[in-house]
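Residue numbers (this note's numbering), protein chains in the order written: chain A, 1 to 482; chain B, 1 to 421.
A few of these clues could be false.
[To be verified] Subject to a maximum C-alpha distance of 30 Å in a straight line, what follows is the list of computed DSBU-like cross-link-like pairs (lysine-lysine):
(1) A/164 / A/125
(2) A/221 / B/403
(3) A/125 / B/358
(4) B/131 / A/115
(5) B/102 / A/379
(6) B/212 / B/187
(7) B/373 / A/219
(8) B/367 / A/219
(9) A/125 / B/373
(10) B/373 / A/224
(11) A/219 / B/198
(12) A/224 / B/403
(13) A/219 / B/131
(14) A/112 / B/403
(15) A/219 / B/34
Derived by calculation from the structure, the hints in this document are not laboratory data.
What you are looking at is a predicted structure, and each value in this text was computed from that prediction instead of being measured.
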Amino acid sequence: MQTISITDYAHWREIVRGLIHSEISPQHVQLLEANGQQSLFGDADLPSPTAAQTRSTTFRVPPKFLSLAETIACHRSGSRWNLLYRTLWRILHEHRSLLEIETDDDVLQLTKMEKQIRRDAHKMKAFVRFRRVEQGGEEFFIAWHQPDHRILRRVAPFFSRRFKGMNWTILTPDESVSWDQTSLTWGQGVPRHEAPAFDQLEDLWRTYYANIFNPARVKVKMMKSEMPVRFWKTLPEAEIIAALLADAPRRVDEMVEKHEGFAETAADLITARLTPPLTLSALRELARECTACSLHCDATQTVFGIGPEQARIVLLGEQPGDQEDLAGKSFVGPAGELLQEAAEAAGLRLSECYVTNVVKHFKFKLTEAPALGRQPRGKRRLHQKPDAREIRACRPWFEAELSCLPEAQVLICLGATALNAVAGPGTRIHDRRGRIFSTRHSQQTIATWHPAAILRSPDTIRDTKRQQLIDDLKLAVDTVFA
Amino acid sequence: MERQQTLETKLSILADAAKYDASCASSGSGSTRKGSRIGSTEGMGICHSYTPDGRCISLLKILLTNYCIYDCQYCVNRVTSDTPRARFTVEEIVNLTLDFYKRNYIEGLFLSSGIIQNSDYTMEQLTRVAKTLRTEHRFGGYIHLKTIPGAADELMTEAGLWADRLSVNIELPTEMDLQQLAPEKNKPEIITAMTGIKDKIDENKCERKARKRPPKFAPAGQSTQMIVGATPTPDTEILRTASDLYTGQRLRRVYYSAYSPIPHADAQLPGKSPPLIREHRLYQADWLLRFYGFNVDEIAVREDRNLDLEIDPKLAWALQQRDYFPVDVNTASREQLLRIPGIGARSVQRILSIRRHKRLRTDDLKKLRVAWKRARSFVITEDYNPAVANLDHSDLRTIVTPKKKQLSLFDTFDTALRGEL
């Protein structure tokens, strides 16, 4: 039995070339890792082939084996040189396609080791963490990493392609490598404490890590299998894992408690209480009881739509105002007066239309107000725009009303709230008015200014807007009665 | 006036808001962009870290802003939510991406946004981030932009020039689900946006084939995400939607995201998440659709049109199709091998390769690390395999069903990840 210590892959190639030439079978030779110590038997009787011999003993090995052997050479297992030689021997003497038989024990072992190398290289690409250091006005990025196997030389070119425009250094206990934006330079291994210990950006990285974590799903085993604990010491984010886990149950409880919005919409009430076919009178009666959103708490009453069942034009406003809330009827205040005038000018009889609002309760804020005109000083109910949640809860009433109006041909949206409820958020009156467009509620939809908005407009444009309202109403009249 | 927020506050808000997006892929882009100084996209995507929820961190996944004019009930950023709001500037995102990238924390950027002002404005801002990274900083890392349905065509075209991947979220599996929970979104608009991207990718490929050398357009293709369990829609409908997207819009990937309780959730939503295992079963079924030659009708074997949570979908199919088995591993076609429960696509490849040199015995299959407990009742090997008698057993299901202990989330998640069924 011969024993030979191998220093690296090139050395192994040289040795096995001689062994194959001398027909020394794997049973009769031990290829051991050179660990700096003199081998017990010395390397004296090593069959070192002459150049002539090497040429004459050229034998062909599948390229797949060579690249596999080069990979396995990085492995820290002491048995790798023997295993490789045995496999090579068997490829040459037993089966040229041995590597394809993955269930063979030697091949299985090699495949397993190759996988470990590949995984280690992959983890190195993933877990190297550079720290930025400034020196002489130039920035350098330095990392310390401890791979399982001797893979730095395999992986370094990847980093030079990825961080081409950066000066970087990767230190490992075995050796180190630096990139100066043109070439790689190799150096000695370095212990961890000689590497930079700090980078200010790491706080920001931990902030990201903490916030991208979803406490509602905790799978520590999964995390540890992909990010083995032995790498944690150089990962700045690993410091906070324990704290994140400890806090997770509390954060989940908080999420579940923090529900917002309304569980039901008017649709729940309608389907629970009415059986189709729906009628306007049944809807109006039921709407008095609606509590789908919280607006019913402060408002005086539900203000439902009004108009004949045969109406061909439907006008949709935002919500009842102060006076409408008290009267229980829509468009009775100053805005109603303006609408009435405009309708007359356009040749539209409002009494033949169905007039309603997106939201059926008045939303307001109480404010201290000075005496103004006829109004005494005191608390005033100031109109507030309904929010998307209230609109969502209330919209089923409008949809039910529409379903009870078989003759309806044109839907007129008065103001942005109505338009957004029908055509989606972000749509503007300014862009849509003056023409007919299709929405999911009506093939022929028209958008125009809300009369209240016209009243609040500056004097300079109030008349223009009033005229535009008249024009838009006229467009509806022409569409239906032409 | 809004108080000035620190970068850290913004990051915490806008990362938190982005974490409900399941996609993390950073692969499939092919070679790195020419002229890059920082960043590459060669080979497989790399997961740089893992959070305790078992998910990988590959990309800096953030929102440009979580202000949004929409009111989608399942979404934490909907306009009616009381969640804290923030907005990054284009420069802030660019610098954050570069700073993280240079320290090897990330593979690139996955940028998405709430919709501010309108679709075009939002899309324009997203594209500006990608363009700045590419042109001013010669960034060659991965960029995934979540596009905004309804944005102008030329904005989409420009986005595809700077990004590796574009995506449009389908959000919910059916039009009805959308109406219920995202009334302002609609399926036709989403599908139109996807088709638009697909057409541009196709056109780009054609031009490249004709050697016109146009700049690459979204070389890593497009993907989408569906939320599962926020509505009662059964798995079959979810998979049908996915299958249509794979064939019709040629998506690279459909992500399924089990609806998870979100802070500031709307009371309309279920308070609890669906079992996570459902998400995993869907991923498994998805692999069967894409790589195992199954179609949706074959996978839908249960009356309630949901996947079996107890056993994987391939095993469920096999139990319904006993007369398809046993399959002889030494003679069966690739297609037949792929149908054997417990034998994944990679093992099938190995079996085919080994078969050229020797006949396979039961021991060989075990060495290949197939899920033998599942597979053994369905295969014939060179030697005697007594377990194949189980096929005639009335209680086959109990025999092949993994014991409770093995049905851990970890195992199923693992198979879902690697696609080995």
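Against the structure, the hints come out as follows:
| no. | hint | result |
| --- | --- | --- |
| 1 | A/164 / A/125 | holds, 15 Å |
| 2 | A/221 / B/403 | holds, 19 Å |
| 3 | A/125 / B/358 | violated, 38 Å |
| 4 | B/131 / A/115 | violated, 38 Å |
| 5 | B/102 / A/379 | violated, 61 Å |
| 6 | B/212 / B/187 | violated, 35 Å |
| 7 | B/373 / A/219 | holds, 25 Å |
| 8 | B/367 / A/219 | holds, 29 Å |
| 9 | A/125 / B/373 | violated, 36 Å |
| 10 | B/373 / A/224 | holds, 26 Å |
| 11 | A/219 / B/198 | violated, 36 Å |
| 12 | A/224 / B/403 | holds, 24 Å |
| 13 | A/219 / B/131 | violated, 37 Å |
| 14 | A/112 / B/403 | holds, 28 Å |
| 15 | A/219 / B/34 | violated, 39 Å |
Violated hints, in rising order: 3, 4, 5, 6, 9, 11, 13 and 15; the structure is consistent with all others.
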